[in-house]
Amino acid sequence: MTEPVLDVSDLRVWYAGPNGPVRAVDGVSFALRPGEVLGLVGESGCGKSTLGRGLMGLTPRGSAVDGTVSFDGQDLLSMPKRERDRLRGAGMGLIFQEPMTRLDPLMRISAHFDEALKTHEKNLSKKEREARALEALRALGIPPTRFRNYPHEFSGGMRQRIMIALALALRPKFIIADEPTTALDVLVEAQILNILVEIRERFSPAILLITHNLGIVAEACDRVAVMYAGRIVEQGPVRDVFAAPAHPYTQALLRSTISLTTQELHSIAGAPPDLVAPPTGCRFHPRCPSAMQICPQVSPPKFGPHVAECWLLDSSLSESDAAPLDKQEVSVADEA
Amino acid sequence: MPTKPDLSKPPPATRAPGEPIVEITDLNVYFALRANATARLLGRSSGTVRAVDGVTLSLAPGEVLGLVGESGSGKSTLGRALLGLVPATSGSIRFHGKELTGLPESQLRPLRRQLQMVFQDPHASLNPSMTVGRAIGDALRIHKMYTTAEERRAAVGVALERVGLAPASRFIDKYPAELSGGQKQRAVIARAIVLEPELVVADEPISMLDMSVRAKILGLLDELRRDLGLTYVYITHDLASARFFCDRVAIMYLGKIVEIGPVGEIFENPRHPYTKALLGAVPDPDPSRTVARDLPRGEIPDAADPPLGCSFHPRCPAAFGPCGWEPRDVRMVLEQRWTIVPADHYAREAKLVHDGPRFASENAVDAASGSPGEVLELLEDERAARPADPLWKGVAGMSVSGRAVLMDMKPAVEPHLQQVPGSDVAVSCHLYHPPTGSDPAESNVAPT
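These protein sequence lines are chains A and B, in that order.
Read in the numbering used here, the first sequence has 345 at position 305, and its numbers run on one by one without any break.
Read in the numbering used here, the second sequence has 1263 at position 251, and its numbers run on one by one without any break.
These aren't lab readings, by the way, just hints derived from the structure by calculation.
Predicted model only: the values in this text are computed from it and were never measured.
Fair warning: there could be bad hints in the mix.
If we take Cβ atoms under 8 Å as the criterion, some of the chain A residues that face chain B in the derived model are [claimed, not checked]:
#1 VAL226
#2 GLY255
#3 ARG279
#4 SER307
Listed next, the in silico SDA-like pairs over lysine to any residue satisfying Cα-Cα at most 25 Å (straight line) [to be verified]:
#5 B:LYS1110 - B:ALA1100
#6 A:LYS342 - A:SER69
#7 A:LYS167 - B:TRP1350
#8 A:LYS367 - A:ALA317
#9 A:LYS167 - B:SER1141
#10 B:LYS1363 - A:PRO58
#11 B:LYS1288 - A:GLU168
#12 B:LYS1363 - A:ASP154
#13 A:LYS367 - B:ARG1182
#14 A:LYS167 - B:GLU1173
#15 B:LYS1363 - A:SER69
#16 B:LYS1186 - A:PRO58
#17 A:LYS166 - B:ARG1360
#18 A:LYS158 - B:ALA1359
#19 A:LYS367 - B:GLU1173
#20 A:LYS166 - B:ALA1359
#21 A:LYS166 - B:VAL1353
#22 B:LYS1363 - A:SER150
#23 A:LYS166 - B:ALA1355
#24 B:LYS1021 - B:ASP1356
#25 B:LYS1288 - A:GLY181
#26 A:LYS213 - A:ASN189
#27 A:LYS158 - A:PRO183
#28 B:LYS1288 - A:LYS342
#29 B:LYS1363 - A:GLU168
#30 A:LYS162 - B:ALA1355
#31 B:LYS1288 - B:SER1219
#32 A:LYS167 - B:ASP1356
#33 B:LYS1186 - B:SER1219
#34 A:LYS167 - B:VAL1353
Every residue, glycine too, gets a C-beta built ideally from N, C-alpha and C.
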């Protein structure tokens, strides 16, 4: 087994809200090996994007980050800010959701590449920089004839490919892709997914793919982490988790996805909780169809085979702990 | 035996069963492109975009018709034209036999009580400074449906509870900012149904919502259809929800319907190569499905300058002789080549030809710095490298002529929407209705 590129343990990202600290990421651990793609899924407001930002050190002012993030053997959270800034881009790339708002409309594509490469690889000559940029663009199917065009001259799908090429030109070991296909059409989305597969074969970076689309996870990821209310509630190989989801939240997410084989609509009652004061015990218990007496009292530990935090997986619960929990009816009033 | 199709009559698949409530015939919606100031002063236009191009279809009461396509396919424009929100350039839209095109706003407005719309973005379709009750009540006031404010408020309450915002007293005095995305979309739906419409055009009603809420809103729309006997036009790029929700589906590409038919048949036996591509591209949450994706190359073309013949031909894996090949399509093939060949080859080859619109004329590829002989050599080399490329099925010959390489293209024939014999589906593709003198067996992909 190769050493992980990224090893995150007990990461917490809290930020200031009007009603107290928002525990957007609250004790998250995972590891990523070179060439591995980890899908991070969950509803909006579960802390997915905050986790990505926290890893990059891009959290807003007034936020606190705790835990350890070991990247290539160095602890990112304890290193000085300047050193960390240097790693961002060169060591870790970030691909955003809206490519139009991330490219400077007044800069040619060539200038974007030139700037990024100049900042991070000072000893490259102008010629080498251009060669590196063209190589990255070609890998993503952008014809070299378009190198000196402006962002507005490209379609949405091409702009997203340019964003990916920009990240790749620096040859990062780790890339966070935050909803990279959400604003795109089906065919363009499929193109980007194919490209992610090719990138892995060619450059083998570790990728954290943040998405709310379980179909994309199934097609593009090796492992999946399901996030709910600031915690990863289930984590494991995609095939295993999707074939036999252990956590009721994962089961509910899979059931509520509308796919080409959907015969009947299912949904998850209620909405993700307020992260200022998340529910006690297991955070999913107010929405969980199989909640037990123990669930609101004690946070569940991790159970195997692929890891899930749910008391249902504990076969040694006492009868009173395993008794069903009386719950209030969830109405549309609490819907997301 | 290919016979000459009768194009005067629309294919039966475009017609709804029974007495239609809406009939659209040969509808065109064109938008003039804004030229720069000098051109406008001189009265020059810089072209038109055919957003909806010759669409014929009808809607039966109680049915859900899906308009499916990517951005720029014209599906939203068609939906808006149906409500008179964009003027039709030509053609006819009849609602219960009454012609809607050309009606002044004053006569359209009373009709809109029966024709309602639900927009994509619930955050943008509610006025942030109006309470939910006022936003919904306003629709009633404008259409003078109740006389007193109390009656209106009672009707608003009923509509709110109908869409699941119950008890209504909890929601009626709330501002949009106090509601979640799903609740806002419910309020927007309440505003549409409070007028007791017959037809609702729902333009991507669930695509801005969180995954877990989509099923709820789609379920609500389905319930309303059953309970209130609504007819829907469901506009979407999400094929999975279209399959679940629609009775008939029309697949659109660049302003035209390329395939239309009952939802089961379209999804189980897609015929048009574009429909096949769309269906193959939908990510599936079942990881045991490992289908290699063959995606159409390139991008949606510029709608102001659409390809000749079938609009999909430059991207189509099954395109052959009559599909509409032009010299400018050669550029796409060369650009593809340049992402594959070594960088120094590209540097040499790219200089031989022009960039952009000067690349090709109507019948030739022009030489730039190189001699036309070198350009011909480049094209022959590309043909030898990838002889199966659909482009070459449209090239009858290439020869040097003056400063250019003359491209002898097979004649382009524009496909029309025609019924596939023995089915309820109509498709606009030469594979199924080959023009005289062409042979679909030439195609890389056999028709199904």
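A quick look at each hint next to the structure:
1. VAL226: Check passed: Cβ of A:VAL226 comes within 5 Å of chain B, closer than 8 Å.
2. GLY255: holds (3 Å)
3. ARG279: Where the cut-off is 8 Å and the nearest Cβ of chain B is about 5 Å from A:ARG279, the hint holds.
4. SER307: holds (4 Å)
5. B:LYS1110 - B:ALA1100: This hinted pair holds, its Cα atoms lying about 15 Å apart.
6. A:LYS342 - A:SER69: holds (11 Å)
7. A:LYS167 - B:TRP1350: holds (19 Å)
8. A:LYS367 - A:ALA317: With Cα atoms ~19 Å apart, A:LYS367 and A:ALA317 stay inside 25 Å; holds.
9. A:LYS167 - B:SER1141: Violated. A:LYS167 to B:SER1141 sits at ~56 Å, over the 25 Å cutoff.
10. B:LYS1363 - A:PRO58: The hint is violated at about 61 Å.
11. B:LYS1288 - A:GLU168: violated (42 Å)
12. B:LYS1363 - A:ASP154: holds (23 Å)
13. A:LYS367 - B:ARG1182: Distance of about 21 Å is within 25 Å: holds.
14. A:LYS167 - B:GLU1173: At roughly 67 Å apart (the allowed maximum being 25 Å), B:GLU1173 and A:LYS167 break the hint.
15. B:LYS1363 - A:SER69: Given pair B:LYS1363, A:SER69 is violated - Cα atoms ~53 Å apart, limit 25 Å.
16. B:LYS1186 - A:PRO58: This hinted pair holds, its Cα atoms lying about 21 Å apart.
17. A:LYS166 - B:ARG1360: holds (20 Å)
18. A:LYS158 - B:ALA1359: Status holds; Cα separation ~24 Å.
19. A:LYS367 - B:GLU1173: Distance ~23 Å between A:LYS367 and B:GLU1173 Cα, so the pair holds.
20. A:LYS166 - B:ALA1359: Holds. A:LYS166 to B:ALA1359 sits at ~17 Å (cutoff 25 Å).
21. A:LYS166 - B:VAL1353: Since the Cα atoms of A:LYS166 and B:VAL1353 sit roughly 22 Å apart, the hinted pair holds (cutoff 25 Å).
22. B:LYS1363 - A:SER150: Holds, at about 19 Å.
23. A:LYS166 - B:ALA1355: holds (16 Å)
24. B:LYS1021 - B:ASP1356: Given pair B:LYS1021, B:ASP1356 is violated - Cα atoms ~56 Å apart, limit 25 Å.
25. B:LYS1288 - A:GLY181: Given that 25 Å is the threshold and the Cα spacing comes to 22 Å, the pair holds.
26. A:LYS213 - A:ASN189: violated (28 Å)
27. A:LYS158 - A:PRO183: OK: A:LYS158 and A:PRO183 at ~23 Å, within 25 Å.
28. B:LYS1288 - A:LYS342: Violated: B:LYS1288 and A:LYS342 sit about 43 Å apart, past 25 Å.
29. B:LYS1363 - A:GLU168: holds (21 Å)
30. A:LYS162 - B:ALA1355: holds (23 Å)
31. B:LYS1288 - B:SER1219: Judged against 25 Å, a Cα distance of about 22 Å means the pair holds.
32. A:LYS167 - B:ASP1356: This hinted pair holds, its Cα atoms lying about 13 Å apart.
33. B:LYS1186 - B:SER1219: Satisfied, since the Cα-Cα distance of roughly 24 Å is no more than 25 Å.
34. A:LYS167 - B:VAL1353: Holds: A:LYS167 and B:VAL1353 sit about 19 Å apart, inside 25 Å.
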